[in-house]
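Protein chains in written order, with the working numbering: chain Y, 1 to 262; chain G, 1 to 262; chain X, 1 to 262.
The set of hints was computed from the structure by calculation and includes no laboratory data.
Please note that a few of the clues may not be correct.
Unchecked claim - Only pairs whose alpha carbons sit at most 27 Å apart, straight line, appear in this in silico DSS-like list of lysine-lysine:
no.: 1; chain 1: X; residue 1: Lys-162; chain 2: X; residue 2: Lys-219
no.: 2; chain 1: G; residue 1: Lys-162; chain 2: X; residue 2: Lys-219
no.: 3; chain 1: Y; residue 1: Lys-162; chain 2: G; residue 2: Lys-225
no.: 4; chain 1: Y; residue 1: Lys-215; chain 2: X; residue 2: Lys-162
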Amino acid sequence: MKFNNRNVYVSPNAKIGRGVRIGDNAVIYENVEIGDNSVICNDSVIGEPLSSYYNDPKYENPPTIIEPDAIIRSHSIIYANCRIGKSFNSGHRVTIRENTVIGEHCSLGTLSDLEGDVTIGNYCRLHSNVHISQTSSLGNFVWMYPFSVMTNDPYPPSYDIKGGYIGDYTQVCVHAVILAGVQVGENCLIGANSVVNRKVPAFSLAMGDPIKIVKDLRKYVVMGKGKPYPWMTRFDRGMPWQGIGYEAWAKQERKNAPPRTL
Amino acid sequence: MKFNNRNVYVSPNAKIGRGVRIGDNAVIYENVEIGDNSVICNDSVIGEPLSSYYNDPKYENPPTIIEPDAIIRSHSIIYANCRIGKSFNSGHRVTIRENTVIGEHCSLGTLSDLEGDVTIGNYCRLHSNVHISQTSSLGNFVWMYPFSVMTNDPYPPSYDIKGGYIGDYTQVCVHAVILAGVQVGENCLIGANSVVNRKVPAFSLAMGDPIKIVKDLRKYVVMGKGKPYPWMTRFDRGMPWQGIGYEAWAKQERKNAPPRTL
Amino acid sequence: MKFNNRNVYVSPNAKIGRGVRIGDNAVIYENVEIGDNSVICNDSVIGEPLSSYYNDPKYENPPTIIEPDAIIRSHSIIYANCRIGKSFNSGHRVTIRENTVIGEHCSLGTLSDLEGDVTIGNYCRLHSNVHISQTSSLGNFVWMYPFSVMTNDPYPPSYDIKGGYIGDYTQVCVHAVILAGVQVGENCLIGANSVVNRKVPAFSLAMGDPIKIVKDLRKYVVMGKGKPYPWMTRFDRGMPWQGIGYEAWAKQERKNAPPRTL
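Sequences and hints are given; from them, build the entire structure.
See below:
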C-alpha cells in the first residue's frame, strides 16, 4: 500500500488529521473526520452516502468520525453516520454500514460485514468474513471467528427485527450462528458450527445445533495445560493488561472511580 | 457514491439510458445496455468478458442488459451475457457470472456470488454472502440469508453438475446448504444451518443436518402472534401486494388473463 | 477485462515477463516478478506490503513471484513474500497474505482468503469463499468448496497457533470446518457442514458435527454408477492425467526417478 497520490478524491470539506496517509483511488467524502496518524489504504471509500441519497434531492450526508491511529485496509467501505474509536484496524474489503459505533482498539477482518445500526465495545476482534446484522451489539473484548453470524429476524421476513447481544470476553468460534435477539453472557465460549437459539449464561461452553450448555468454563481444565477459560490470564497481546497481567489490570480498573462497566 | 466522473470508462458502443449515473472508476463494456434511471456505483464492472476472452483472438463479448431503475452498488462485477430485470438492487462487491437471468424487483446483498447459468425469478431477496452455484434456479419471492449456499455437484468433483431449485415464497435461513439437484417446494422455511439433502414438499418447515421435515407450516401457530407462515399476509414491504394486501393481490393476479405462474 | 492502460501503476523495478497483460487500476509493486503470458486483471494489487510497513521506516518489501501463465482476476490482493506456481488461476477479490507458497496449476475461487503462512501443493482447487488460516497446509489435488474453513487456534484466543493439513486428493465439501492442527488423510471425502475435530484416516468418508467416519471410500459403491471414490479414474479435466487416464499417469509417475511424493 504505497501512497502515490494517484486518483485520490478527498473532499475539501473533510477534516483530515496530522500525519494521515491516504492510498491511491481512495474517496473521502465531505462528512468525514479522520484522526491523526491514520492510514486509509487504496480503493477505500469513507463516508459512503446512505440509500436515501439516491432519491432525495435534499439529502445531507451525516458525519462519520474515524478516531486517531486507524489502519483501514484496501477496498473497504465505511458509510456515513458511523463513529470508530481510536486505534482501529481493519482487513481488506470490510463493509461498515450506517449508524455503527465501534469502540477503541477494535479490529475487523477481511470481508467482514457490519450491516448497520451495530454497536461494538472496546478491544473486540472480528476475524475475516464475520457478518453482523442490524441492531446487533457486542460488549468489550469479544472475539468472533470466520463465517460466524448474528441474525436479527425471528420469523423471516418480518418487521420484528431485533439483533442479539454478546457479553464481554466471549469467544464465538467459526461458523457459529447467534439467532435473532439472543443474549450471550460474559466469558462464554460458543463452539464451531453452533446454532445459538436461546440465552446463554455467563461462563458457559455452549455447542451444537441447537446449542447445549456443555460446561461451566470456570471448572474446565485441560489436562497438563491448566485452565483455559477465562482466557485473559493466559493471553494479553494487544489487550490493555499486556505486560501487567489481567489481575493487576482488573484491580486497577476497579479502583478507578467512577465505576464503569468495562 | 458521488459522481465526479473520475477515471470512468464507458465504451462508446454501450447503450446508456436516460438519467443513468455512473460512479468513479467504473467500467461499462461495449456489449452493455443500461436502462433509464439506473445507478452504477463506483468501481463496478459491467459486461465482464468470459474466460474464453483470454485465449480466443476472435472472442466477441455477448450482450448484458440491465433493465431500468437498477442500483448496483460499488465494486460489483456483472459478466457478459446476463439479463437483469427492472428495479434491481445490489449491495457491494456482488459477483454475477455469465448466462444469468434475474427477474424484476430482485436484490442481492453485499458479497453475494452467482456463479453463472443461474436463473432467478421476480421479487427475490438474497442477503449478504449468499453463494449460488452454476445451473441453480429460484422461483419468485424467494429469500435467502447470509452464508446460505446452493451446490451443484453430487459426487465432487464430477461432470454431473446439476443445481437445485427453490420454489416460490420459500425462506432459506443463514448457513443453510441446498445440495446438488435438490428441489425445495413452495412456501417452505429452511432452518439455519440445515443441510437439505432431499426433496422438500411445499409448506414444510425443514431443519437439521440432514434435514427433517418438522412441521406443516400451514398448521404452525406461534402463541399470541398468529400464524407466521405463509408470511405474505403479514409482510409486504417492497412486495407487489404492498398496501392492498396479499389476498387481494393474489385474487387480482388469478383474474388477469393469460394464466401465469407468478 | 479489457486493457486500456488507464491508471495502472507498475513499479519500474518490477520484473514483468513477455506477453503479460495488466488491467486498469492495477498496482504492481517493486518486489514483484510476473512470469510470461500472465494476466493481472483490473484493480488488483500484487506485492502488497506487510503490516510492519506502516511503522518501520526501514521496511523492505520482500519478493513475490508469480510464475508464468497466471490469470489473476480483478480486485485481488497478493501480499509480498509469496510464491505462486505456474498456470495459477484465480477468481475475483482473492486475498493471499504473506509467506504463502502455492504449487503449480492451482486455482482459487472468488473471495477466497488465504491468511498467510499457508502452503498449498499442486493442482489444488479452492472454490469461492474458502478461508484458510495461518500455518495450514494442503497436499496435491485437494479440492475445497465454498465456505469451508481451516482454523488454527485450539483454545481461542491463544498463542498455540497450529494449522491443519489436508492430504492428497481429498475433497472438502461446503461449510466444512477443519479444526486447528487436525490431519486429514489422503483420498478422503469430508461431508458438507462437517466439523472435523480429530485425525481422519486415508480413504474415509467423514461426516457430521463432530465427524463420524462413515465409510471406507474404497468400498463405497453407488448403485448403477460404479465406485465414485477415489475420483481420479472418473474425472480428469485440468488434471495431469487428462487424456491418458489416471492409472497410466500414476504408473508413469512411479517410474520417473527420483521418487517423489506426488
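Against the structure, the hints come out as follows:
1. The suggested pairing of Lys-162 of chain X with Lys-219 of chain X is violated, with an alpha-carbon distance near 33 Å, which exceeds 27 Å.
2. Between Lys-162 of chain G and Lys-219 of chain X, the direct Cα distance comes to roughly 25 Å. Compliance with the 27 Å bound is thereby established for this hinted pair.
3. Restraint check for Lys-162 of chain Y and Lys-225 of chain G: the C-alpha separation of about 16 Å stays at or below 27 Å, so the hint holds.
4. The suggested pairing of Lys-215 of chain Y with Lys-162 of chain X holds, with an alpha-carbon distance near 25 Å, which does not exceed 27 Å.
When held up to the earlier numbered hints, the structure conflicts with hint 1 and nothing else.
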